[in-house]
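Asks: Let the hints inform the model, and build the full structure from the sequences given.
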Amino acid sequence: MKHALWRHAALMATGLVALTAPVLAQDHVNLIFRQFDPPTETAGLQAAIDAWNTSHPDIQVRMETMAGGDTLAQLAREIPAGAGPDIQHMAFVWTRDLAKSNLLLDLGPLIEAEAPGAGTDDFLALELATLDGKIYGMPWSADTFAMAYRPDLLEAAGVTLPDTWDELATAAQALSNGDGQYGLCFPAGSAPDSGMWTLVNYYLWSNGSTLIDETAPGTWEIVASAEDIAAAMTYFNGFFTAGTAPESLITVNSWGDPELIGGLGRGDCAITFFPPQTFRAAQGQSELPLETGMIPAGSEMRISHLGGRALGINPNSKHPEQAWAFMRYLLSPETFKTYNQYPAQESVLDALDFPENEQGYVDMLPQARTFERYISSPIAVSSMTGLINREFGAVFSGQRSPEEASQIVLDELAALLERGKS
Amino acid sequence: MTVLPTSAPAEEPAQILGKKLEPYLLVLPAMLILAFFFAGPAVYNIALAFQELSLFDLGREGKWVGFANFAEVLTDPSTGQSLINTTLWLTIITVVLRLALGLGLALLLNATVFSRWKLGWLVRSLILVPWVTPPVVAVAAWKWLLDARYGVVNQALMGLGLIDQGIPFLARTSTVWGAIETMLIWRELPFVVITILAALQSIPSELREAARIDGANEFQIQTRIVLPLLKPVLAVITLLTTIWTFNNFVYVWLATRGGPGDYTQVLATQMYTTSFVDYRMGAGAAVGVVMSLIMFAFALVYFFVIFREK
Numbered sequence: 144m145k146h147a148l149w150r151h152a153a154l155m156a157t158g159l160v161a162l163t164a165p166v167l168a169q170d171h172v173n174l175i176f177r178q179f180d181p182p183t184e185t186a187g188l189q190a191a192i193d194a195w196n197t198s199h200p201d202i203q204v205r206m207e208t209m210a211g212g213d214t215l216a217q218l219a220r221e222i223p224a225g226a227g228p229d230i231q232h233m234a235f236v237w238t239r240d241l242a243k244s245n246l247l248l249d250l251g252p253l254i255e256a257e258a259p260g261a262g263t264d265d266f267l268a269l270e271l272a273t274l275d276g277k278i279y280g281m282p283w284s285a286d287t288f289a290m291a292y293r294p295d296l297l298e299a300a301g302v303t304l305p306d307t308w309d310e311l312a313t314a315a316q317a318l319s320n321g322d323g324q325y326g327l328c329f330p331a332g333s334a335p336d337s338g339m340w341t342l343v344n345y346y347l348w349s350n351g352s353t354l355i356d357e358t359a360p361g362t363w364e365i366v367a368s369a370e371d372i373a374a375a376m377t378y379f380n381g382f383f384t385a386g387t388a389p390e391s392l393i394t395v396n397s398w399g400d401p402e403l404i405g406g407l408g409r410g411d412c413a414i415t416f417f418p419p420q421t422f423r424a425a426q427g428q429s430e431l432p433l434e435t436g437m438i439p440a441g442s443e444m445r446i447s448h449l450g451g452r453a454l455g456i457n458p459n460s461k462h463p464e465q466a467w468a469f470m471r472y473l474l475s476p477e478t479f480k481t482y483n484q485y486p487a488q489e490s491v492l493d494a495l496d497f498p499e500n501e502q503g504y505v506d507m508l509p510q511a512r513t514f515e516r517y518i519s520s521p522i523a524v525s526s527m528t529g530l531i532n533r534e535f536g537a538v539f540s541g542q543r544s545p546e547e548a549s550q551i552v553l554d555e556l557a558a559l560l561e562r563g564k565s
Numbered sequence: 010m011t012v013l014p015t016s017a018p019a020e021e022p023a024q025i026l027g028k029k030l031e032p033y034l035l036v037l038p039a040m041l042i043l044a045f046f047f048a049g050p051a052v053y054n055i056a057l058a059f060q061e062l063s064l065f066d067l068g069r070e071g072k073w074v075g076f077a078n079f080a081e082v083l084t085d086p087s088t089g090q091s092l093i094n095t096t097l098w099l100t101i102i103t104v105v106l107r108l109a110l111g112l113g114l115a116l117l118l119n120a121t122v123f124s125r126w127k128l129g130w131l132v133r134s135l136i137l138v139p140w141v142t143p144p145v146v147a148v149a150a151w152k153w154l155l156d157a158r159y160g161v162v163n164q165a166l167m168g169l170g171l172i173d174q175g176i177p178f179l180a181r182t183s184t185v186w187g188a189i190e191t192m193l194i195w196r197e198l199p200f201v202v203i204t205i206l207a208a209l210q211s212i213p214s215e216l217r218e219a220a221r222i223d224g225a226n227e228f229q230i231q232t233r234i235v236l237p238l239l240k241p242v243l244a245v246i247t248l249l250t251t252i253w254t255f256n257n258f259v260y261v262w263l264a265t266r267g268g269p270g271d272y273t274q275v276l277a278t279q280m281y282t283t284s285f286v287d288y289r290m291g292a293g294a295a296v297g298v299v300m301s302l303i304m305f306a307f308a309l310v311y312f313f314v315i316f317r318e319k
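Keeping their order, the protein sequence lines are chains F and Z.
In short: position in the first sequence from 1, add 143, done, that's the numbering used here.
In short: position in the second sequence from 1, add 9, done, that's the numbering used here.
For the record, the hints were derived by calculation from the structure and aren't laboratory data.
Treat each hint with caution, since some may be false.
[Claimed, not checked] 30 Å max Cα-Cα, derived DSS-like pairs, lysine-lysine: (1) F:K277 with F:K243; (2) Z:K127 with F:K277; (3) F:K461 with F:K243; (4) F:K461 with F:K277; (5) Z:K127 with F:K243; (6) Z:K240 with Z:K127; (7) Z:K72 with F:K564; (8) F:K564 with F:K243; (9) F:K564 with F:K277.
Replies: Have a look at this one:
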């Protein structure tokens, strides 16, 4: 009898647990946040997420990491199929492409209910995340490039920090010793995502040119001439022909490549260009101090690009409110205490103390411009990037002359523009 | 009283139907799996090749454009270069070298000396090391080996006094294909060796002994007896390695991404960049269909030539 009673009690308890479990589970929300910084740079972000999970037992977040080059295509496959992470880390330039195809949630109602930080006006480059007046992403981190160099090598060669592109070529000559030390290092690879794209645009923009531009409202035209592009090709190829940049860089695509990070630390490279987090990684590997300076000026101006990352919410997310709460946390100064990036909010950025050797970024940020001029164009930015990197690579490897390659660039840009318009 | 033999009870129509359907029901699961995982994507890819569709609109139907994607792909000058790179540099050279090296190595490994010294298991295990290395790891390792400044290959060449400065093998047009082919052959050779070795070991030793008794020397035994018996295996290896290599994306993409410039662009990398860099899924699918048709035609001609005697 006693056993039967126990059995009944156990059965009832099991039944109660079975009935209430789904309800309890609904109170506890699990979110997935996907980001694409390399694992070597995510410790601070993981610490911020751990802090969130500790203080929010009802909204638990799991971080997924994916290679940057694969993330966009993965989202484009997953979201139409009803899947994907709740919160997504995106490059600035992806946001509108995803929004156009309804692959991001319109954040308007969520912002209206609870605005992030000091309000949307405080965010840098918000226009890149806006489509037809609706906001689809929140700029999260912002960065630009600066010249990164070894002051000891410059001093030993009696070289002052170059201020213009011409001075950079001259300095590189003086800094190359023919015995494994090169004046300038940069990713000259031909891959569609090679960092060469960044330098080419700095050079063109600072010399008063650009690949394409909106010459009148709704009218997009190729601005750069064959001579402009050929001049840029000749300039950068000059480092290889003069032996002031190692030929092996023709296979290097990423700014974070060990050839560049390690090269600066070892003294194989005297000067390169880095975004802040890569500069910090290089400093971490270098026993000697590194410094940053401004990007060289061209005939018209000195300029760099304002890059960065945005955050968006998947329209398939079953918990958009909770995702928004977590996203506001990621945007808050709290996260940037451990997350090793520059925030994309002016008020948070102003409150930051920059290390002395990062002065180059402080000086370049006000002169940085977004890729808006290309993002709004009828050509996919990735197509332009692929074309430029490929043709510069063709010149560097001696496949084509600058004149031939620049003409190919113009012809393909014209075809891309035509196709984009139609 | 005599018992008349009775005929077997007549089968119910349902039973007859069940028996007739039984073979079909047995193969149905396999057919469904094939339809879902192979035929479905293949048909979707063919349909995609006739549409203009952005990567970002995969959930929707694209704009039907007829043969426009094929016309564009086939008239694009870069397709011709990619086809030459794919056919000659990536496929023909590596398949021929793999067959030659694989046959030579298999004959060596089949030598009685290894079994006499009980080393057969060791050499067979060692030869499999590249095959069990994931291609991604193999390419990454080879890129380090070939590094101009710190790579072992350049250090060795400099140590031997053959060169003064490291050669950036993957950056120069004169060396880049050789470097890619080396990576590919190193990784894929064991398949050829092991398959030929298995075929060699299935040849009865009596045939060789009989030939020797009849006065044949070792060269004659290899060319008149062994090679003809290996022919079916070599034919299958050639077909498989050709198709696998022609469609291969990994080696070129990981080693050079099609560079420097577009010097090592192959059809598979062209398909990838069209789809995932230019976001044009229809045009990318058209490249894929063209590749499949080329390989289909190759397989037909190949089988016709190789097996026409039969």
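Asks: Holds or violated: K564 of chain F and K243 of chain F, Cα atoms, limit 30 Å.
Replies: holds (16 Å)
Asks: Take a quick look at whether K277 of chain F and K243 of chain F sit within 30 Å of each other, Cα to Cα.
Replies: holds (11 Å)
Asks: Need the status of pair K240 of chain Z, K127 of chain Z: alpha-carbon distance at most 30 Å?
Replies: holds (29 Å)
Asks: Between the alpha carbons of K564 of chain F and K277 of chain F, is the straight-line distance 30 Å or under?
Replies: This hinted pair holds, its Cα atoms lying about 23 Å apart.
Asks: Verify the proposed pairing of K127 of chain Z with K277 of chain F, using a straight-line Cα cut of 30 Å.
Replies: violated (74 Å)
Asks: CA of K461 of chain F to CA of K277 of chain F, is that 30 Å or under?
Replies: holds (21 Å)
Asks: Take a quick look at whether K127 of chain Z and K243 of chain F sit within 30 Å of each other, Cα to Cα.
Replies: Given that 30 Å is the threshold and the Cα spacing comes to 67 Å, the pair is violated.
Asks: Keeping to a limit of 30 Å between CA atoms, is the pair of K72 of chain Z and K564 of chain F held or broken?
Replies: This hinted pair holds, its Cα atoms lying about 15 Å apart.
Asks: Is it true that the CA of K461 of chain F sits at most 30 Å from the CA of K243 of chain F?
Replies: Distance ~21 Å between K461 of chain F and K243 of chain F Cα, so the pair holds.
In the structure shown, a violation is registered for the earlier hints numbered 2, 5, in ascending order.
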